[in-house]
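Student: Given next are the chains, with one letter for each unit.
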Amino acid sequence: MKVFCLEEFKLEFEKLRNKKSYKSIEKDIIDYFFGKSVEELSSGTRLNNSIDAPYIKKRLNGRGGFRCYFLLVIKDENLYLMFVHPKTGTLGSDNITDESKAYLYRKVYECIENESLYLLELNTENDSINFKKV
Amino acid sequence: MECLSVKSEISDTFRSVRDFSFHAKKESLYDEEKINAFLDTILEFKLILEKKTMTINNVIEKIEKLTWYNNLDDESLMLINDLISSIKDLHSTLIRQYVSLNIIRSKGIAKEELKKFKIAIDDLKETYQDLESVFFFLPEIPNFKETTTLLSVI
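Protein chains in written order, with my numbering: chain A, 1 to 134; chain B, 1 to 154.
Just to be clear, a hint being listed does not mean it is correct.
Pairwise CB distance ranges, derived in the manner of DEER restraints [as the list claims (entries may be wrong)]:
hint	chain 1	residue 1	chain 2	residue 2	range
1	A	N114	B	S86	42 to 50 angstroms
2	B	I104	A	N61	20 to 28 angstroms
3	B	N70	A	K15	32 to 40 angstroms
4	B	K62	A	V38	18 to 26 angstroms
With the Cβ distance kept under 7 angstroms, some of the chain B side facing chain A (calculated, not the full set) [said to hold, decoys possible]:
hint	residue
5	T67
6	W68
7	V134
8	T147
9	L151
10	S152
11	I154
Some chain B residues flagged as far from chain A (calculated, every beta-carbon gap over 10 angstroms) [as the list claims (entries may be wrong)]:
hint	residue
12	N36
13	K46
14	K51
15	N81
If you are wondering where the hints come from, they were derived from the structure by calculation, not from laboratory data.
Nothing here was measured: the structure is a model prediction, and the numbers come from that model.
Just so it is clear, CB atoms sit at the ideal spot from N, CA and C, and this is done for glycine as well.
Hey, can you work out the whole structure from these sequences and the hints?
Tutor: Given below as structure tokens:
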């Protein structure tokens, strides 16, 4: 499974990773998304009624209570991280609006089409994410 | 006369001190039995909270699974609508219960269990909002369905 992301995800992730109270985000993302099968990742709330490319909102129940939005393109075994936000703390929010969910959905389609994405890779110790422009 | 009164007062005081001293020696201030009963009650309260939190989290998982069913007909959507109302009602009840525990929270009892209970209640609210989004609001947003179609052919 290849893991890609949108610019929106990268910006939020880096902002959160640099804050002490949210530093668990990197481990939470690695533990949940890397080295997993399509079946293992097909849980959470499916937002788009699609079998081939489910758009999923996942609650990561670690310390930060992060909410992660991603698209799973099953036939290619590609995963696209779209957005992440914490539920609590100074940067926390309860939810994102339906308009934002729709905006991210269209954005991920456009970015796949234009190959305007980042590829996420782990370092040799598997404890840090590197972003590589596609 | 005054001398007699002083003596009587001293005797009274002596009796008070003697009685108190006797009982103090007999009963420890930290009566083990009473302390154990108190701690058992706290433990029981913590277990009730943990069980309730687990039940809420199981309900949330069941609700999330409903979003993986495809192309629901109107009858199913009506059932989903009833379910959303019922979850809202459950959420109000749980919030009232949580508020009623303010006094316990202010004393620092079962702090961690109460925190997890509140997180589960908040997650329940988020879950019914998401259910409304998935089945009623997002499909009405222009381009949302179109994006699904476009993504199915990439």
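Student: Compare the structure with each hint and give your call.
Tutor: Hint by hint, here is what the structure shows:
{"no.": "1", "hint": "N114(A) - S86(B): 42 to 50 angstroms", "result": "44 angstroms, holds"}
{"no.": "2", "hint": "I104(B) - N61(A): 20 to 28 angstroms", "result": "24 angstroms, holds"}
{"no.": "3", "hint": "N70(B) - K15(A): 32 to 40 angstroms", "result": "36 angstroms, holds"}
{"no.": "4", "hint": "K62(B) - V38(A): 18 to 26 angstroms", "result": "22 angstroms, holds"}
{"no.": "5", "hint": "T67", "result": "4 angstroms, holds"}
{"no.": "6", "hint": "W68", "result": "5 angstroms, holds"}
{"no.": "7", "hint": "V134", "result": "6 angstroms, holds"}
{"no.": "8", "hint": "T147", "result": "5 angstroms, holds"}
{"no.": "9", "hint": "L151", "result": "5 angstroms, holds"}
{"no.": "10", "hint": "S152", "result": "5 angstroms, holds"}
{"no.": "11", "hint": "I154", "result": "6 angstroms, holds"}
{"no.": "12", "hint": "N36", "result": "34 angstroms, holds"}
{"no.": "13", "hint": "K46", "result": "20 angstroms, holds"}
{"no.": "14", "hint": "K51", "result": "18 angstroms, holds"}
{"no.": "15", "hint": "N81", "result": "16 angstroms, holds"}
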